[in-house]
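**Q** Here is what each chain is made of, one letter per residue.
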Amino acid sequence: MALGPTGTNIKDKLTRAFQPQLLDVIDESHLHAGHAGSHPDGESHFRVKIVSEAFAGKSRVDMHRMVNAALADELKSRVHALAIQASEPK
Amino acid sequence: MTDIKTWIDNEVKSNDVVLFMKGTPDAPMCGFSGRVVQILDHLGADYKGINVLESGEVRQGIKDYSNWPTIPQLYVKGEFIGGCDIVTEMFQSGELKTLIAEKTAA
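For the record, the sequence lines run as chains F and R.
Using this note's numbering, you'd call the opening residue of the first sequence number 1 and step up by one each time.
Using this note's numbering, you'd call the opening residue of the second sequence number 1 and step up by one each time.
Just to be clear, a hint being listed does not mean it is correct.
[As the list claims (entries may be wrong)] The calculated lysine-lysine pairs, modelled on DSS-like cross-linking and capped at a C-alpha distance of 27 Å, are:
| # | chain 1 | residue 1 | chain 2 | residue 2 |
| --- | --- | --- | --- | --- |
| 1 | R | 63 | F | 76 |
| 2 | F | 58 | F | 11 |
| 3 | F | 76 | F | 49 |
| 4 | R | 77 | R | 13 |
| 5 | R | 63 | F | 13 |
| 6 | R | 97 | F | 90 |
| 7 | R | 103 | R | 77 |
| 8 | R | 63 | R | 48 |
| 9 | R | 77 | R | 5 |
| 10 | F | 11 | R | 48 |
| 11 | R | 97 | R | 22 |
| 12 | R | 5 | F | 76 |
| 13 | R | 97 | F | 13 |
| 14 | R | 97 | F | 58 |
| 15 | R | 13 | F | 58 |
| 16 | F | 11 | R | 97 |
| 17 | R | 48 | F | 49 |
| 18 | F | 76 | R | 22 |
| 19 | R | 77 | R | 48 |
| 20 | F | 11 | R | 5 |
| 21 | R | 13 | F | 49 |
| 22 | R | 5 | R | 48 |
| 23 | R | 77 | R | 22 |
| 24 | F | 49 | R | 63 |
Hints were generated in silico from the structure; no laboratory data involved.
Required output: the full structure, derived from the provided sequences and hints.
**A** Laid out in structure tokens, this is it:
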């Protein structure tokens with residue numbers, strides 16, 4: 001599914017912040033339609049898969065904190081849930 | 001604010017495994033909280049569930065305490081382990097079982 005404006009924004013911000021080797025932003029809002037925190041226009045639930053050198057040597061909690069910090073504005077407003085799979089290159 | 005921080009600090013340090021969640025272990029109110037409950041139950045972990053929906057102060061307080069923006073949040077022996085994604089990842093790799101067994105061994 002093509003990303004809407006919020007998803008595109010998430011992708012841009014993560015690309016700038018981490019220069020990832022792999023980045024996949026998936027809008028999963030349709031899976032949560034009608035649930036708590038869902039938005040009538042979608043773009044409320046996202047899954048992010050990201051691999052970046054920036055995560056080298058970081059704990060899982062640190063990696064997630066870095067991603068959440070980069071997307072702080074989105075998490076405060078539109079985005080209700082952000083599933084994160086972050087790792088350093090193998 | 002100091003009071004809620006002290007209360008949370010006491011909860012995570014006086015219970016081996018604490019899950020801050022939406023709803024209760026018997027009736028989770030959110031899919032992400034529900035998934036962590038299922039994992040802990042599957043592992044046979046003895047844990048305390050704290051329903052953040054009962055108190056706006058706790059709900060915001062735990063986010064500040066952990067520097068973590070979302071619920072659920074799992075603590076083992078006073079250490080913040082992570083939210084739903086990390087707990088799931090650690091369960092799948094077997095790390096969570098080992099961690100809980102090691103940390104809660106008498």
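**Q** Which numbered hints turn out to be false for this structure?
**A** Hint check: 10, 13, 16, 17, 20 and 21 fail, others pass.
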